[in-house]
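K.L.:
Residues per chain, in single letters:
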Amino acid sequence: MSETGGPLAHQFADLAQQREASTLGMWTFLVTEVMFFGGLFAGYAVYRHAFPAEFMAGSRTLDVLLGSVNTVVLICSSLTVVLAVHCAQLGQTRAVNAWIVATMVLGAAFLAIKLVEYGHKWHENLVPGPGFLFEGANETPARLFFGFYFVMTGMHAVHMVVGIGLWAWVLARSMRGLVTPEHHSHVEIVGLYWHFVDIVWIFLFPLLYLLGAHE
Amino acid sequence: MTSQSPSPAPAVHARRENYLTAGYGVKSWLLTTDHKRIALLYLISITLFFMIGGFFAVLMRLELITPAGDLVKAETYNKLFTMHGVIMVFFFLIPSIPATLGNFLVPMMIGAKDLAFPRLNLLSWYLFVLGGVITLWAVISGGVDTGWTFYTPYSSVYANTHVIATALGIFIAGFSSILTGLNFIVTIHKMRAPGLRWSRLPLFIWAMYATSLVITLGTPVLAITIVLVALERLFQIGIFDPALGGDPVLFQHLFWFYSHPAVYIMVLPSMGVVSEIVAAFTRKRPFGYGFIAGSSLAIAVLGFLVWGHHMFVSGQSVYAGLVFSLLSYLVAIPSAVKVFNWTATLYKGSVSLQTPMLYALGFIGLFTIGGLTGLFLACMGLDVHVHDTYFVVAHFHYIMVGGAVMGYLGGIHYWWPKISGRLYPEFLAKLSALILFIGFNLTFFPQFVLGYLGMPRRYHAYADEFAVLNVMSTAGASILGAGYLLPLAYLLWSLKYSKAAEPNPWQATGLEWKTPSPPPKDNFEQTPVVTHESYDYLEGADVATEAQVV
Amino acid sequence: MKEGLPLFPDAASTWARDVDHLYFYLLGVSGFFALLICVLIVVFAIRYRRSKGHQAVQIPGNLPLELFWMGVPLVLALSMFAWGAKLFVEVSNPPAGATEIHVVGKQWMWKIQHRGGQREIDELHVPLGEPVRLVMISQDVIHSFFVPAFRLKRDVLPGRYSTTWFQATRPGTYHLFCAEYCGTKHSHMVGRVHVLEPAEYERWLASTPVLEGPVDAGHRLFEALRCDTCHSPTSGPRGPDLAGLYGRQVALAGGGTVLADEGYLRQSILDPHALVTEGFEPLMPSYAGQVDEDQVLQLIAYLKSLGAAPAGGSRR
Amino acid sequence: MSSRAEEHAVPLRVYVVVWLGLLVLTGATVACAQVDMGVLGTPIALAIAGLKGALVVLYFMHVRWSGALVWVFAGAGLVWLVILIGFTLSDYLTRDWVPVYG
Ligand code: HEA
Ligand code: HEA
Ligand code: CUA
Ligand SMILES: [Cu+2]
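Protein chains in written order, with this note's numbering: chain V, 1 to 215; chain A, 1001 to 1550; chain W, 2001 to 2316; chain P, 3001 to 3102.
I should point out that these hints are in silico values taken from the structure, not numbers from a laboratory.
Quick reminder that beta carbons are idealized off the backbone N, C-alpha and C, glycines included.
Be aware that a few hints might be false.
One-sided excerpt, in silico: chain W residues whose CB lies under 8 Å from chain V [stated by the list, open to error]:
id, residue
1, D2271
2, H2273
3, A2274
Using the sequences and the accompanying hints, generate a full structural model.
P.N.:
Written out as structure tokens, the structure is:
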């Protein structure tokens, strides 16, 4: 929400009103995000119900280890985010910067691991499209599983990229000394966004990776 | 609402600085963050889209004069109704009232200087324009022929027209719409003037709030659905393609999850406008204020539970159909509440039939007919017959053109003095309202008959026995088209030649009437403090002299 | 089919009559409310028009009145729901023993096959007074089978059978439309339904040349595709016995059962691994791509004809 | 609103405990997945995910210390998600219910 620009924008009566407005704005935005991913989860539920075996088989090809590592990475990045917010409340600008950088590094690590996984799937011909090949279970429904895998994790990754960009913007402001105990709502609202993206992954992980882990 | 702010400036002050004169030049408009200027930017853009959509409608009606498909080719006709539907829905009616009157009035009615996020508001307009330009590019470079509903697998596999470009345009416009809704929600929650409790809010604000809820909760699902169709076209994922194991009916679920609530995005704002107009032109507090306000929220919430009524014969399970049908009937009740309360407001009022009121009464009548025919469609046994016939076409034009567009025009007339600082010519305005009413009914009433006779929609050529009714419909459409050109002409004319408007030409209540016409840049000289409920038309208060209004 | 200015469609099926009654009920109720609102508006607007010395009376509201005008429409609405739902459930459940006709929709024609093997395109001959059940599928996009005189409509989906039924009550020729937009020539995907007296219908059946009935065609396919290597009394335990399969509950390998209807048979042929029968290995190859929808329907007709007889032997 | 969350300075300890909890739950869900629990597998995985999500929402996103409005908004997201998925599934789960006569 770029509206938190100057200390007090003209349309607001005071800083408290401004801060409340931007927080509520972000929450509203997150609700729209819930519904955006909700469409994918609904589709997933329908086909998971229709083709349990193939979804299981598709899930088995995913790398549980990399997935788990990524889950941990994201959870850690959520911790660095709350620490950044915490330090912002206390006015410790340098610590804020450090935690933001840490968050961005963790985010980048997540994306890097994701890319490695995508690379594997590409080599295994598991990317839906003309070259798709799947042994072991019915190919057609299995393709659906990979369709969901790529679209869901892909949309999630796009959100991560946006999040990293937002952190870069917050970092730039913070370095210019614009993050103060009185006025740090952009740290907070970008934080809210980041946590949301984390939660999406918390659900994607079991639904995609852990389905077939026991076999 | 009475406010303790200084008494309104007298009309002589119309010459002094206002939002229109606060800056000149293209840049002062294209980079403005003033909600009132953004409202005007939207007004111009959507009028343009309405003309384009209307132009396609005229071509369709011309084709349908004769049963044979002789004027345009089938391919062309299919593109015409698709682009007509896409443009009218996504680029005209959904943004219509929220982005123009809503943008202009929401801050003013709640005593705020602007929306909570003015730059986001401007961004929303740019997104709208970008989405519109992409869609228009698709139209010009060959068009798209899937119907506005984009049913799969036709749209995802078989159509070879510009599906992806159109989808992208709608996707972007969707974000514009989400940003507007988000802005309104936050503004209404956080920016109300001191003393303006929820129970004192104007009904228009209630309607905008309900609309915004629907926008923010529904539009994202449309966005992801469109993305899936595009991905399906690009990568053959198979989610909606039966040849690849997918289910085309899933697309319909996701599409209607948004698009049924979207019909309430289109009509709720008009309902808000009508509530304001009916109060002002009867000089009465609306009968059952709480019920009208609450029914807006009820419609917004219940509206999300009925989408399957578009899919009774689609292969959806009978049991799901039963649930959706039942819930569709429940959502009719809050609409009924509104209609009855408006009518009751007229009772013992001081009714003045000026142009905005004519539109409002027109809305009530036509919306009632449109809504009642919705009951036919929600009835499973009947829908088997009338589904995808002209009965449906007539139903939604009655609500969207007879209802929503009439409400929009009523609102434009009602607030025109506030927006432009000028009065519109009353006689011409009444005349064109009458022309529109007649033209409208002549266009769309025969379509109910056609529908029950069994004429399917989206037909470029049809059986001979439908000819006479189609000719009537086309005749009506010509009257309707001409009727739309009139307001365009005289409203533009009034900008230069008409009398300057006073702050409160209708003697209405509401904060927007307490500030000069046109309002100053920050809306109010001083933040108003509200001490009364809205619509305190006191009994015995001086009755407006109609002579004041030309 | 008439000329001029018809205002009401022919009614030529049992269900059409039912739908029309419901329609009149809704017309009555909505006519009443539309009139009520319009009359009240006009009367109030005139009676209480603004004039000197006349003032508005402020009435904030009236709770009993609000409840009244929520309650009455609610009751009426529920009655509409119940009536409509009842009819819909009826049209969703064909009576046993209905004559079965196969319909394949494709851009942009209706292909019809009768039980005796008679085929037609964009024409459908049906007997008067006998229930007819349609089993429909599309080869490409979604179409919708619509006969206004029967008040009957049902989407025809790719990849899945949809069924509906009717019983004609008046001889004549009626429109058949495609009601779901399906591409360029959607408006030309039209045809005619001929309702014939039973005797005449028999004549029509007899006089229409039949190359091969669907059961025989299916039998031929069954052998040509070598289905019998696994599905015959002599093939041993490789594949399940298909005799008497139709209409039975089949136990699945993954647990649970499924009704062996047309949709299940179709899936077993095109996508055999989706639902594997208990006690068997998923050995069966998919025949997707080798048979078109017409042929799948023929195979199914053959499988249905097997009844309780041993697989491989035609009953006819 | 979050303003209240600031007034209410959350001790760092809380964050660290929640973080540890999330890690433990991640381990738990991976561990559970190694065992075949039949139909219960997915509900258990979803329950753990829900718990983790709730921890993030309540503590990291400060909803625990926020006003009613934020609760309502977060709740609305959840309710509408249930509507979307629930009503869609209501079609798919009941499609086989209609008996087909031959
Ligand atoms: C603004 C737009 C708008 C609005 C408000 C509505 C409102 C309603 N609509 Fe409509 N509808 C559309 C726009 C709209 N619709 C569009 C665009 C389509 C077609 C889409 C496409 O396929 O392209 C459509 C299609 C559509 C269908 C699917 C038809 C089909 O394809 O087969 C159905 C089925 O149930 C339906 C029902 C209803 C109902 C029950 C209402 C209710 O909300 C109406 C409630 C109002 C009243 C009932 C009137 C006031 C009440 C009284 C005066 C009291 C008396 C009342 C009783 C006795 C109950 N609509
Ligand atoms: C907001 C929504 C909206 C609006 C305002 C309109 C307005 C009109 N619509 Fe539209 N319509 C839809 C939404 C809307 N429609 C939708 C969603 C569909 C379904 C599409 C689909 O199936 O996918 C549809 C489909 C549709 C059909 C069915 C096509 C088919 O199924 O084959 C028809 C047919 O008559 C029609 C007619 C009209 C007419 C005559 C108007 C008139 O009110 C328009 C009048 C406006 C003007 C005429 C423009 C102003 C004047 C000029 C530009 C000057 C030139 C004109 C003259 C000189 C006469 N519409
Ligand atoms: Cu087939 Cu329309
Ligand atoms: Cu609807």
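K.L.:
Next step is simple, just say for each hint if it's right about the structure.
P.N.:
Here is what the structure says about each hint:
1. D2271: Hint on D2271 (chain W): holds, closest Cβ of chain V at ~7 Å, below 8 Å.
2. H2273: H2273 (chain W) check passes; min Cβ-Cβ to chain V is 4 Å, inside 8 Å.
3. A2274: Constraint on A2274 (chain W) satisfied, holds at 6 Å.
No hint from the list above goes unmet by this structure.
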